[in-house]
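4 protein chains.
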Amino acid sequence: MIQVGIVGATGYTGLELLRLLSNHPEVEVVYATSRTEAGRKVADFFPGLRGICHLTYSEPKAAEVAKCESVFYATPHAVAMHSMKELLDHGAKVIDLSADFRLKDVPLWEKWYGCEHVFPEGVEQSVYGLPEVNRKKIQTAQLVAAPGCYPTSIQLGFLPLLESGLIEPSDLIANSASGVSGAGRKGDVSLSFAECNENFKAYGVSGHRHLPETEQGLQAIASGESEEINLTFVPHLLPATRGIVSTLYATLKGNQTLDELVNLYDERFSNEPFVDVLSKGQLPSLQNVRGSNFCRIGIEKPLDRNKVVVVSAIDNLVKGASGQAIQIMNIMCGFNESKGLHLPSVAP
Amino acid sequence: MIQVGIVGATGYTGLELLRLLSNHPEVEVVYATSRTEAGRKVADFFPGLRGICHLTYSEPKAAEVAKCESVFYATPHAVAMHSMKELLDHGAKVIDLSADFRLKDVPLWEKWYGCEHVFPEGVEQSVYGLPEVNRKKIQTAQLVAAPGCYPTSIQLGFLPLLESGLIEPSDLIANSASGVSGAGRKGDVSLSFAECNENFKAYGVSGHRHLPETEQGLQAIASGESEEINLTFVPHLLPATRGIVSTLYATLKGNQTLDELVNLYDERFSNEPFVDVLSKGQLPSLQNVRGSNFCRIGIEKPLDRNKVVVVSAIDNLVKGASGQAIQIMNIMCGFNESKGLHLPSVAP
Amino acid sequence: MIQVGIVGATGYTGLELLRLLSNHPEVEVVYATSRTEAGRKVADFFPGLRGICHLTYSEPKAAEVAKCESVFYATPHAVAMHSMKELLDHGAKVIDLSADFRLKDVPLWEKWYGCEHVFPEGVEQSVYGLPEVNRKKIQTAQLVAAPGCYPTSIQLGFLPLLESGLIEPSDLIANSASGVSGAGRKGDVSLSFAECNENFKAYGVSGHRHLPETEQGLQAIASGESEEINLTFVPHLLPATRGIVSTLYATLKGNQTLDELVNLYDERFSNEPFVDVLSKGQLPSLQNVRGSNFCRIGIEKPLDRNKVVVVSAIDNLVKGASGQAIQIMNIMCGFNESKGLHLPSVAP
Amino acid sequence: MIQVGIVGATGYTGLELLRLLSNHPEVEVVYATSRTEAGRKVADFFPGLRGICHLTYSEPKAAEVAKCESVFYATPHAVAMHSMKELLDHGAKVIDLSADFRLKDVPLWEKWYGCEHVFPEGVEQSVYGLPEVNRKKIQTAQLVAAPGCYPTSIQLGFLPLLESGLIEPSDLIANSASGVSGAGRKGDVSLSFAECNENFKAYGVSGHRHLPETEQGLQAIASGESEEINLTFVPHLLPATRGIVSTLYATLKGNQTLDELVNLYDERFSNEPFVDVLSKGQLPSLQNVRGSNFCRIGIEKPLDRNKVVVVSAIDNLVKGASGQAIQIMNIMCGFNESKGLHLPSVAP
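Protein chains in written order, with my numbering: chain G, 36 to 383; chain D, 36 to 383; chain C, 36 to 383; chain Z, 36 to 383.
Don't read these hints as lab results, they were simulated from the structure.
Zero decoy hints are in this set.
Pulled a few chain D residues facing chain C out of the computed Cβ check, cut under 7 Å: (1) Asn210; (2) Leu273; (3) Val344.
Quick caveat, the model's predicted, so the values are computed rather than measured.
Every residue gets a Cβ at the ideal spot worked out from N, C-alpha and C, and that includes glycine.
Next up, chain G with everything else stripped away, as it sits in the complex (with noise of 0.2 Å):
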């Protein structure tokens, strides 16, 4: 049993660690704060967890925060950085869920966040957090960065092809379409249920945060290749609170049949305890993910022509957020990986 901290918990993603740590059985949460809540009972902001969580928000003090074994950050962009140093001196493994620490390349977080980098050192020591992919180096870092929904939900749909060279990685494309809470617990005209509702739009097509994030991720899965990442990515909201699904395009180099890239991601995912393969001729749905850290694939190569169309769809809360970072958690402090994770979707 260790005892762990939520430093932010009255978002969206805090309220999921909160929700989904109350049944891992090693874990005990005794911090969570929040700078405007500090004071007030967690269970009187989140009424849904009355009678399960029984902390006060506190104060967010690093040497507070420190003593606990493990750390998540679930704040804003821009905030985690700032104390980011004070709480890895004092030994505490973090989990950051927020962009800190996810662009190695520092000018480009500027560029993108629009702010200074203060902790540049962090990033170049934190490891980017996709299991699939990492981790043997998240087995033994002190600071994670949680991968994004976005970027979670296209990394992994794309990984076994770009690994296996079959795609042409200069062409992708990613069309994706996630639920409002993406957005976080704000108010917020945009947001609201009137507006959100019975609708559905694209947004960001100029430029969207997540872009170059999935760009380093996936340069990263195709260090074979010799030509350059080009992705583009349309993100879409859609009139659901939960949910991504990324609905992912590749030209062919070669002539592969369908069963043979249904076999290529079923073997390359065979371990992997939360990407979940389906057979061929069945796609993925919200549903069938919301609530579970599972990531469902489904694989289509239409009419057998030259593009393979890969759905790939992830609970943004769980396997895009709070869920992966618990399973970071686990690689890091050497429990089972799915210890307190092994949760069937819930559906309808």
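Since the structure of chain G is already known, use the hints to place chains D, C and Z on it.
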């Protein structure tokens, strides 16, 4: 063809006025005011009006606005009362969609709305604009207070029973449910998609501003009764954008059959263009009023006991606000009452 | 560790039993029956269970099923009664989620369900499984009828007031709203997305099968009252998948304050693991019970008049069906009553 | 004023024809046929038409129907072809909303629709009814095949780029998402609320009937190209009732700027009454086309790379079906093309 103005045209009732009036053959909207959006094209703010509305938002100036023959106030509460005197002095016919002139009891208004009423003379002069009750007074009024959304659905639902003295006036229950658009166009966490979707809850049970308005209206309808009106009103927030269903409960004094009750409603509303009494055994639904100005009503007498149940459905933005306001304008201006409003519901 | 079987495991309550029992440490599900899907993998039918449930559907054979220590019937009404005798003779402990054994008055059952009851001895022997009322009887029962979803929410909501004799039993109103999953997993135009989305309506007002069940339960609770229970019950269909909110209205005989009423509820339910009485001023919502076994209850006394309003929220598939069935099983089998059910709600 | 008939008026496109035509000043609907509902009032079947539509369903008899000047077929596929010859012989102008006359290649039609085409002469004679491409031919046609919903959104989206030869025709991608009403008014588990709500999934990836129709249309548009059209089309099912968004991807041959691309669209569609090209930086949404006949289009060129992204939004029941059919009728009958269709979207 008359010229009309809309004061406060950036909210949902303003938008709905623009939508509905775009097909009104006797009306040209010449002013749409907004303090925050003055100078911006209306169709840039509401892209659904591209190709339909060519207006630009103006600053609200009473002298300018008053050049219109008819003016709609679609502002938040406690705004219209400030410029109403000037507007009326200019001779404009005004329909106020806010609550400023709904309650005849000024101290009661001040208690529920938490501020001083600056134009009590206007309250005295104004007519409460429920056409099914006050049609004659509306014809000659200069200032009409358009009823609230919940009060419209509840008053129309109880009307025949109260008028005819068949039910106990002191034991009325209105269980209402409204779509989220009823709360207006707002950035507020509690109105966000992630909080409202797959959710449902009662609110304002200890006291809602529409209660005194409704009780005032029911009291007027039940003018022959010696006992006072006593309404228990519980509003709920639906995971839907548009529409109100009010499920009304009353105790019958006598022993009328369901057939007799349905007949009573049929007769009372037979000449009403926008009240539709369903056949015995039928109940209304939101889908069948969405986008239209109809109030549809179904009546039941469960197990032939002593309770009558009336279900009343409207689109909160149409018969509950902007459609009813146009119906009022039609009456005030001597147009056919249905002009521009004879629209089917948008289903599915 | 006991072995359990689920008869009729292709509907939503069967799926929910599989979801919840997958994390129950004392239970192994060894049978899941379906006439139509026998031979098919459960996880092929419900892909959300891939990686979680490794069962294959079997033909329902009482002799086989009866080898289980505990058996859940998740079949439509009028199915369980046909094989119940054989099952009980084999000694299995049975929880029936259908209506077959809920009504003690067999002719009344036959009237509402439109067919002959083939096992009236089972009705006599069975216990009505509302733990908060019948816990002791459940402990020693062999056959328990799990309460319906609406009846659970209504009985728990009225319980303290009726038990204490504070309200008029002959003037009770239950205005309930349920998510569409309450109608089961069905292909039916009236349950289709296009018909239910952005829609809301009352149904079954002239008479709903849950009315006699609820009145029977309320009568038992109000055993000290001389007057008979008289409940007006109006169910509504919500544009949501899961959850029931029942808004209950009653007339107070005396003059209790809201504080006294909240205290009454607090005390009555203080030892109940799954009834959560909210603080004064708080009301429950679907979001805060979704996926969990809690019934959350809020109490109001509008404008301090003589009506009390109780709002009771449950997840219809959990506390309203499969979760409560597992709670019953825990009691019957001597497990901790919360075993496998101490789950936070899934929000947002 | 002409008399029109609707064959198969119990589905959503039939309902939408009735809704839209109720406000068309030149049209009186005199027939609405249904085999199953003959003799029943239309407004009993669709209560949202109470007070609006006073028709009774008739049996479909070609001789009777043919008395109408214009006839809409809103039947399932493979129905219209059976009575079309007789109808045309009577001289009626026919708009078929089904797929029977969309594909010019009869064997291809037979392959995708799985049955023999009984009226290939009709295919030859018919005009494909996309007004933005075939306006002149529609003017003199007797039989027009109204385009499918997805094909409308995709063809309009690619049109200026293909016509001008700026993109590679052999590498087109259409990622489309449709509301559930696109599947028709059906009782089908997969279309039920509980299965579609909070869900999202790709379907028909291995091959969808709208693919050959779309490729045929794109080929005609790209008539100057030597290379063949090759479209990868992936439809998705949205948790929304109405609307289609198609996100289109193509590779630019040259180096046009985004300004040049937006200008190209502006110019091509400047005289089109129902195609609305948004300003640079704007993207369309379902909300802004719901209930209206507009196709709204936004163009992007992400990071100024070689891919162009076009987002095209329509209401599948209006511009994607019944609205477009009325637009076609207006052209065929010599009315102003916008007559009865100049409607704002219904938002929110």
